[in-house]
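Engineer: Here the protein sequences come in this chain order: D, F and R. Position in the first sequence (first residue = 1) + 268 = the numbering used here. Position in the second sequence (first residue = 1) + 268 = the numbering used here. Position in the third sequence (first residue = 1) + 268 = the numbering used here.
Derived from the structure by calculation, the hints contain no laboratory data. Check the hints yourself; a few may be wrong.
Which copy is meant is left open, so a pair is good if it fits within one copy or across any two.
[To be verified] Below, simulated SDA-like cross-link-like pairs (lysine to any residue); rule was C-alpha separation at most 25 Å, straight line:
id, residue 1, residue 2
1, Lys415, Gly338
2, Lys415, Glu439
3, Lys415, Leu346
4, Lys459, Asn330
5, Lys376, Leu440
6, Lys459, Arg296
7, Lys376, His353
8, Lys349, Ala424
9, Lys349, Gln274
Spelled out, the chains give:
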Amino acid sequence: MSLFAQILDFIGTFAFAISGIRLASAKRFDWFGAYVVGFVTAIGGGTLRDLLLDVTPGWMTNPIYLICTGLALLWVILFGKYLIHLNNTFFLFDSIGLALFTVVGASKTLALGYPAWVAVIMGSITGAAGGVIRDVFINEIPLIFRKEIYAMACVAGGIVYTVCSRLGMHELGCQLVGGLTVFATRILAVKYNICLPVLNDKERKR
Amino acid sequence: MSLFAQILDFIGTFAFAISGIRLASAKRFDWFGAYVVGFVTAIGGGTLRDLLLDVTPGWMTNPIYLICTGLALLWVILFGKYLIHLNNTFFLFDSIGLALFTVVGASKTLALGYPAWVAVIMGSITGAAGGVIRDVFINEIPLIFRKEIYAMACVAGGIVYTVCSRLGMHELGCQLVGGLTVFATRILAVKYNICLPVLNDKERKR
Amino acid sequence: MSLFAQILDFIGTFAFAISGIRLASAKRFDWFGAYVVGFVTAIGGGTLRDLLLDVTPGWMTNPIYLICTGLALLWVILFGKYLIHLNNTFFLFDSIGLALFTVVGASKTLALGYPAWVAVIMGSITGAAGGVIRDVFINEIPLIFRKEIYAMACVAGGIVYTVCSRLGMHELGCQLVGGLTVFATRILAVKYNICLPVLNDKERKR
C-alpha cells in the first residue's frame, strides 16, 4: 500500500474501532470487552473476506490494527464525554474507512482471479461485515439490515470499481473512483435521508 | 450435479431464502437486509462446511444462488400477502432443500476423504447451520435448538447416507435413500408433533 | 499430546461442555440444542483459531470431543439437580480447561511460525471464543465482555508462555508456567472479586 492508502487505512480502522467501542460502552462493557468489540468492528469484515478467499487475514501479518484499536480505546477512556461533539468528524472518518475497505476488498478479490461479481460481494463484506459482528456481540439486530444506505454504498462502489478495472483503467484510478462512489453515496444518503423500502408481508413471525 | 439435482438445489435454495426473507420482514428489515438474511439462510450452512473442509464455498463459483435469492425477494415483495396460503407448499420445498443439502454435504465430505462421522456432522451443518445464522441475525434464539425435529432429521439422513455409501451402494442410490430419510423424518415429526425432550436442570442462569 | 495433557484436555472439554449445556437448559433448549451448545462451547475457540491459522480443526480429526460432549449431556440429564452442589468443582475444571486451551493455542501458533503477538491472541481465542459463541447462541451479551477476569487470564498466560518460549525454555516448562498463570489469575480474580473498569462515555446508543 502507498503511504497515502496507509494513512486512510489507519483513519478508517480508528473510526471503525471507535464506533464499536462507543456502542460497547453504551452496554456497559468493561475495557476488555470494549477493546474486543472495537477490534472486531475494525477487522471483522476483512477477516471474513480472507477466510472465504482462503488467505491469511491481514491483521495477523501486521500489529498496526491491534495498536490502532488500543489508541481508539484510550481515546474513548480519556475524551469520552467530548466525543459527542465530534460526531460529524467521526461520520466523515467512518465513511472514509468504508470507502477504502470496500475498494481494498474488491481489489484483493480480483487480484486473486475471482470473477467480478465475487469482487463486489467481497468489497461489501469488507466494508460492512465488521459492523454486523459488532451488533451481534452487543446483542442488537444489525443496524445495516434496517437503516441507512450503508451496505448499498459498498455495493455501488464495488460495482464502479470492478467496471473501471475491467475497462482497463489504472488501479489507482479505479480505487479513487470506486472509493469516491462509496463515500458520496453514503454522505448523500444520510444528508437527504434516503432509505431502502422496508419489507412487510403482514405475516406474524413463525 | 445432474439436471434433476440442480432443479432440487434451486427449489431448496429458493425455499431457504424465502424462510429467511419472511422472518426478516417480520422484524421490519429493509430490502437489502431481507436479501442478505435470505442469502445467508440459503448458503450459510454450505459456507460453514466449506470453510471447515478448506475448500472454496460453492456460491463463490456460481452466481445462481445470488440470482435465486433475488427471485425469492422479488416474490415476497410482489406476492407477500398471499404467501401465508402457501405455507404447506413452502414446508414441502423447505424439506426438499433440507434433504438435498444434507446428502450433498455428506457426499462432498466423504469425497474429500474424511471419516464417516465427520460426513454426518457436515451433512447436518449444511442443512441446518444456515437457519442458525439467520436466527442470530434477527436476534432470536435459534429455532432448531428448541423446537422441531429439524437437525435430527439431518443427522438421521446423514447416517443412512454414510452407511449406504460405506456398504458400496451406488452414489445416486445413497443420495436417494439418505435424502428420503431426511424428508420422511421431518414430515412425520411435524405431522405427529414429535419433539425431543427439553433439558431442565432446575438451576438458575449463572 | 502426552497422556497427562490428554487427561487435562478431556477434563477441560467436559467442563466447557457442561457450562454450555447448563446455560442452554436454563433457556429450555431441547437435548439436541443443549448438545450443540455444549459442543460449540468446548470446540468453538479452537475451531476459530484453526480457521484463522488455516489448518484442519482438531475435533475433525478425533471423535473424542463429540463423545466427551455426549457424556457431559448424559451427566446433566441424569444428575442435573445435584450439579449445583458441584459448582466449585466445575469452576476448578473450567479453569483447568481454560489454562490448557490457552497454552495449546499459543503453542500451536508459534509452531506454525507466527509471531509472538499472534500466539497470544490465538491462545486467548482458543480459551475464550467458545464461550462467546455459546452466549450468542443463547441470545445473551457475551459474559466475558462484561464480567470476570476471564479472557484477561488467557492474555496474561499467553504472554507468559510466549516469553518463556522465546527465552528458550523447554516446551513443557513453558506450558506449565503459562498454564499456571492462567489458572492462578482466574482463581485469584474470582476470589478477590477483581474486575476491569467498565467503560461509560455517558452517551446514548446511536
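Engineer: The structure should be examined with respect to each hint, and the outcome stated for every one.
Structural biologist: Hints, verified against the model:
1. Lys415 <-> Gly338: between (29 Å within a copy, 20 Å between copies)
2. Lys415 <-> Glu439: Classified as neither: same-chain Cα gap 32 Å, cross-chain 47 Å, threshold 25 Å.
3. Lys415 <-> Leu346: Between copies only: 22 Å across chains, 30 Å inside a chain, cut-off 25 Å.
4. Lys459 <-> Asn330: neither (36 Å within a copy, 37 Å between copies)
5. Lys376 <-> Leu440: within (13 Å within a copy, 39 Å between copies)
6. Lys459 <-> Arg296: between (31 Å within a copy, 23 Å between copies)
7. Lys376 <-> His353: neither (36 Å within a copy, 46 Å between copies)
8. Lys349 <-> Ala424: Close neither inside one copy (35 Å) nor across copies (31 Å); limit 25 Å.
9. Lys349 <-> Gln274: neither (29 Å within a copy, 50 Å between copies)
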